[in-house]
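Novice: As they're listed, the protein sequences go chains A and H.
Per the numbering used here, the very first residue in the first sequence carries number -7; after that it's consecutive.
Per the numbering used here, the very first residue in the second sequence carries number 8; after that it's consecutive.
Hints should not be assumed to be uniformly reliable.
Said to hold, decoys possible - Far from chain H, some chain A residues (derived; all Cβ distances over 10 angstroms):
{"id": "1", "residue": "H(-1)"}
{"id": "2", "residue": "E0"}
{"id": "3", "residue": "L17"}
{"id": "4", "residue": "T42"}
{"id": "5", "residue": "A54"}
{"id": "6", "residue": "G112"}
{"id": "7", "residue": "E168"}
{"id": "8", "residue": "R185"}
{"id": "9", "residue": "L290"}
Said to hold, decoys possible - Here are the simulated distance ranges between beta carbons:
{"id": "10", "chain 1": "H", "residue 1": "G207", "chain 2": "A", "residue 2": "D13", "range": "31 to 37 angstroms"}
{"id": "11", "chain 1": "A", "residue 1": "F267", "chain 2": "H", "residue 2": "L140", "range": "34 to 40 angstroms"}
{"id": "12", "chain 1": "A", "residue 1": "P43", "chain 2": "H", "residue 2": "G142", "range": "51 to 57 angstroms"}
{"id": "13", "chain 1": "H", "residue 1": "L141", "chain 2": "A", "residue 2": "Y288", "range": "46 to 52 angstroms"}
{"id": "14", "chain 1": "A", "residue 1": "A256", "chain 2": "H", "residue 2": "A263", "range": "53 to 59 angstroms"}
{"id": "15", "chain 1": "H", "residue 1": "I265", "chain 2": "A", "residue 2": "P226", "range": "29 to 35 angstroms"}
{"id": "16", "chain 1": "A", "residue 1": "T110", "chain 2": "H", "residue 2": "G159", "range": "39 to 45 angstroms"}
{"id": "17", "chain 1": "A", "residue 1": "Q37", "chain 2": "H", "residue 2": "D19", "range": "55 to 61 angstroms"}
{"id": "18", "chain 1": "H", "residue 1": "H64", "chain 2": "A", "residue 2": "P226", "range": "49 to 55 angstroms"}
{"id": "19", "chain 1": "A", "residue 1": "P226", "chain 2": "H", "residue 2": "A263", "range": "56 to 62 angstroms"}
{"id": "20", "chain 1": "A", "residue 1": "P127", "chain 2": "H", "residue 2": "L269", "range": "40 to 46 angstroms"}
No lab work stands behind these hints, which were simulated from the structure alone.
For every residue, glycine included, the Cβ atom is placed at its ideal position computed from N, Cα and C.
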Amino acid sequence: MSLMTAHEALDQAVAEEMHRDARVLMFGEGVATKRKHLLDAFGPQRVRNTPLAEGIIAGTAAGAAATGLRPVVDLLFAPFLCFAMDEIVNSAGKLRYMSGGQFSFPMVVLTMTGGGWTVGAQHNHNLEAWFVHSPGLKVVMPSTPEDFKGLMKAAIRDENPVLFFMDMALAFVPGEVAEGEVFVPLGQAAIRREGTEVTLISYAKTVHTCLAAAETLAEQGVSAEVIDLRTLKPLDEATILASVRKTGRAVVVHEASRLCGVGAEVTALLSEQAFDALKAPVVRLTGPDAPAPSSYPLEQAFTPQADAIVQAATQLVARSPEVAPIW
Amino acid sequence: MHPSRPAPTRLDLLGAMLRIRAYEEKIVAFHERGPFPHVCTSVGQEATAVGVVSALHPDDQILTNHRSAGHLLARGADPGRLLAEVMGRSTGYCKGRSGTLHISAKELGVILTSTIVGGELSLAPGVALSRSLLGGEGIVVCFFGDGAACEGIFHESLNLASVWNLPVLYVCENNQWQAFVHRKETMVGDHIAPWAASYGMDSLTVDGNDAEAVLEAATRAAAQVRATRRPFLLEAWTYRQRGHMEPHDQSYVDPAEIQTWLAKDPIARLEERLLASGELTREGLEALRADARAAMEAAADFATASPYPDPSELTAGVYA
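Generate coordinates for the entire structure from the input sequences, incorporating the hints supplied.
Specialist: Structure below.
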């Protein structure tokens, strides 16, 4: 085991994959400047700075992926994806299908999002559900340095375009990463804590909030299971269903806004396929339908907190019909 | 010219243009009979397609736009499989998944037909990056219109291709119309080619309705890209003879403009040149036209006889 941050884990993953496969390259705004060790190791052909132009970065990645390379592009902050939506959604996501399978798009789009850095709404917007909704794409949003490494390696080796979201609050938090090969297949959720009475389902930094809530719940005599989705598309439906069939109750927690969010999908899945097992309605605790504020107290109010999860889970277990939203 | 491919003769150029025109006329005929998918024809722009594509080598790659039938046919596409794709049949180049607007044909080096105007410009540097890093002599040709040139992605694409020394031959078919709007309403000046200078890129403007002139210009431009591994912008001055899409509608176009450009029809011009020089007789010309029409009849028969994809395949191939 070694201790490293998510940033370091990502860099290690990219470096290992670049060693393994000469077709892997990385480019984006400041990539060669800020990842100088990659530049030193692999040279300016494979580690490149780009103009501050997200559309052409993503389009170039799509064109390169279609013709034999395996690009990883860094688009910095998730709201900037709006400049690259056409290239990611209309080209990378659709052209495999539209070409009748003639071309594949093995590329990774890396971007940061989430509260904690008080960067405000034009640098912080949890857009992951947009891409889950777009055919042909895969979406990853890990919570631990080890998963950052293992999922990045899986994303680079995948033949499809993968959106890789880094929750900013996790970027510089150290965690243990196994030595040697670390590989986490796309589409497999992790059970972070086992429990029997309620399932807390989350991804990215709110997984840790759920784990803190589960500790408190345990002290109160409530046994909570915590599921880290890790990959939002493909969604590991089997793990979600198995857990909720066991516990009979679910709280879905994420920072992205509620309407048509990943929580809505998980809730619908449970109503469609685990209805008989449910002992109480599924509850969603999410960010509001508001741009992410910059001011720290507002940003914290925006983000689901452990006490709200504890309250929701306690009320579910008590079969209370009313669960107050957090905002 | 590539050592393995002799330069096309003037008769070759004419034959290729006649096939494209016959294909488009077949599409129009299907449309008039209806129902038939909406299509954007390239009637009037045949010289650009044939002139540029004739200057290419087999290992060159092409990205193009919604008026792509000419480019694909000039590259050697089977008109039956093209028509089948337009009609949504499983024998089409993309198994009926694309339709007329997004046909690609890997075996011909045609990576993309983009109907997102400018989409081809966004992918072109990446395709050329692959050529640069994976080796080979091939270059990448990106066809786009004056409409796409007014998009930000045009400037992003040229800038990156120049900064990164990518072997892209940008071919702007300035056909005067941007969907339903004349370019005079939307762009400064008449020409796109001068914009290349801002990106440290050489350029050339050519009479896009003169197949021989296009071939010569494209051969020079492609040779420069091949030698320098640097991008180049070729602007072909041409005209979209039909409405933006079928059914045909040019009610919004000045009739004098249409007449001016019909008088410069690229096929008629080359026919007259060949008849005047004695390289072609009236009978020979009629035979060429009949051959083109017959090829498209056969293509239509193939396409209409082809099966539709099975609905059970609806979601096949979304993911690798």
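Novice: All hints are to be evaluated individually against the structure, with a verdict given for each.
Specialist: Hints, one by one, checked against the model:
no. : hint                                : in the structure
1   : H(-1)                               : 26 angstroms, holds
2   : E0                                  : 27 angstroms, holds
3   : L17                                 : 7 angstroms, violated
4   : T42                                 : 7 angstroms, violated
5   : A54                                 : 5 angstroms, violated
6   : G112                                : 24 angstroms, holds
7   : E168                                : 32 angstroms, holds
8   : R185                                : 32 angstroms, holds
9   : L290                                : 34 angstroms, holds
10  : H:G207 x A:D13: 31 to 37 angstroms  : 33 angstroms, holds
11  : A:F267 x H:L140: 34 to 40 angstroms : 53 angstroms, violated
12  : A:P43 x H:G142: 51 to 57 angstroms  : 26 angstroms, violated
13  : H:L141 x A:Y288: 46 to 52 angstroms : 48 angstroms, holds
14  : A:A256 x H:A263: 53 to 59 angstroms : 58 angstroms, holds
15  : H:I265 x A:P226: 29 to 35 angstroms : 53 angstroms, violated
16  : A:T110 x H:G159: 39 to 45 angstroms : 30 angstroms, violated
17  : A:Q37 x H:D19: 55 to 61 angstroms   : 39 angstroms, violated
18  : H:H64 x A:P226: 49 to 55 angstroms  : 41 angstroms, violated
19  : A:P226 x H:A263: 56 to 62 angstroms : 59 angstroms, holds
20  : A:P127 x H:L269: 40 to 46 angstroms : 43 angstroms, holds
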